[in-house]
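Take these sequences, add in the hints, and give me the full structure.
Here is how the chains run, residue by residue.
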Amino acid sequence: MIYIRLFLTFLKIGFVGFGGGLAILPLIYQGVSRFTDITKEQFANFFGISQATPGPIAVNAATYVGFETAGVLGAACSTLGVILPSFLLVVVFTKILTENRDNRLVDGAFVGIRPVTLGMLLSGVWFIAEGALFVGTGHPDMLGVVGGVDLPVLGMALVSFGLSLWNKAGAITLIITMGVIGALVFS
Amino acid sequence: METKHSFKDNIYLKLFVEFFTLGMFTFGGGAAMIAVLQNRLKDKKWLTDDEVLDCITVAQTLPGVVAVNMSVYVGYRMKGIRGTIVSVLGIVLPSFVIIILVALFLNSLEGNPYVLGALRGIRAATLGLILATCFKLSKQIMGKAKEDKVQLVLTALIFPVSFLIITFLGLDAVWVILGGLVIGVVYGLVQMRREKA
Chain R
120 MIYIRLFLTF LKIGFVGFGG GLAILPLIYQ GVSRFTDITK EQFANFFGIS
170 QATPGPIAVN AATYVGFETA GVLGAACSTL GVILPSFLLV VVFTKILTEN
220 RDNRLVDGAF VGIRPVTLGM LLSGVWFIAE GALFVGTGHP DMLGVVGGVD
270 LPVLGMALVS FGLSLWNKAG AITLIITMGV IGALVFS
Chain A
889 METKHSFKDN IYLKLFVEFF TLGMFTFGGG AAMIAVLQNR LKDKKWLTDD
939 EVLDCITVAQ TLPGVVAVNM SVYVGYRMKG IRGTIVSVLG IVLPSFVIII
989 LVALFLNSLE GNPYVLGALR GIRAATLGLI LATCFKLSKQ IMGKAKEDKV
1039 QLVLTALIFP VSFLIITFLG LDAVWVILGG LVIGVVYGLV QMRREKA
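Protein chains in written order, with my numbering: chain R, 120 to 306; chain A, 889 to 1085.
None of these hints come from the bench; they were simulated from the model.
Hints may be right or wrong, so weigh each one.
FRET-style restraints, in silico, Cβ to Cβ [what the hints assert, rightly or not]: (1) K1037/A x S152/R: 49 to 55 Å; (2) V1078/A x F166/R: 45 to 51 Å; (3) N222/R x F895/A: 36 to 42 Å; (4) V191/R x V1078/A: 51 to 57 Å; (5) N222/R x L994/A: 15 to 21 Å; (6) V1049/A x F246/R: 17 to 23 Å; (7) L270/R x F895/A: 44 to 50 Å.
Glycine included, each C-beta is placed from N, C-alpha and C at the ideal position.
Okay, structure coming up:
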């Protein structure tokens, strides 16, 4: 049955998908193309949609694929599938962790992993910067792009960075403000 | 007389609203989610700064969707299983509704110049936010590592090395996390031995 297959496919993706984001999209396509008639075009379309919609990318992908193949109930099944592993693993882990946080080995593990977490975040900055700042020289019509660098975006990013670092503006306020400015100025 | 709690003070409602807001306004996946949640939790006093750091570490270390992992962690620490359920509902609901609406009514968002312009602005804000979070977290992590010289050296080495490996060698982050885990556990063992001696 399509609903059960969707649920199981996304359950598997939820269990193996580390780090999340766009990296899991090929995994999803492989998983669902075996039993649904979702086309490559439909799926490629989601790449564009995922850039333009808020929310966790994996959840968005699950909802999209589920809906396109089996309607609202399909969307519910695949979304439930993709979040269930997070739910189970993090609840069990957090419970165990709370009771053993002071253990030397547990604390040691955190000491080792924390800087990796930081490296992953900075890597995220790098990839977003690559896509957002270095737009290439193929956009002569885009306002403020000089030598392939999106200067207004660079400026807005620096302002956001400063305001956030010195706690002058909240995250959501910044996102909405910059979005509105972008819509007015760049359109 | 029984004290009346107003509906607005209900912690379950607050958890739901917090994660609904996160899911509604955060674009660009895991790193952006971490930055926005870290930024917002800081002022909430729900968790200590160290607990927020633990939350981020756990969310990136365990498999699953990073943002959902964070919502489960915070929900569970605040109000157990029930807190977890409302937090997860909160983060999933905006995605669920928005994606279905987009699939129904818009086959492509790429044509609209206002949407494109807004996205350029949002990407700029996201970039600045994640970078600011990197700064704040590195300050916090380095501050904790100062307790012990070995820990300070390990932290100062693992951070840039893991960044370089993930970014430029394209190695899956899982392996770098496992590497950090092994180094950290060995560090913990050495600490235990030192204390016994």
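Here is what the structure says about each hint:
1. K1037/A x S152/R: 49 to 55 Å: 53 Å, holds
2. V1078/A x F166/R: 45 to 51 Å: 47 Å, holds
3. N222/R x F895/A: 36 to 42 Å: 41 Å, holds
4. V191/R x V1078/A: 51 to 57 Å: 55 Å, holds
5. N222/R x L994/A: 15 to 21 Å: This hint is violated: roughly 51 Å between Cβ atoms.
6. V1049/A x F246/R: 17 to 23 Å: With a Cβ separation near 18 Å, V1049/A and F246/R satisfy 17 to 23 Å, so the hint holds.
7. L270/R x F895/A: 44 to 50 Å: 47 Å, holds
The structure does not agree with numbered hint 5 stated previously, though it agrees with all others.
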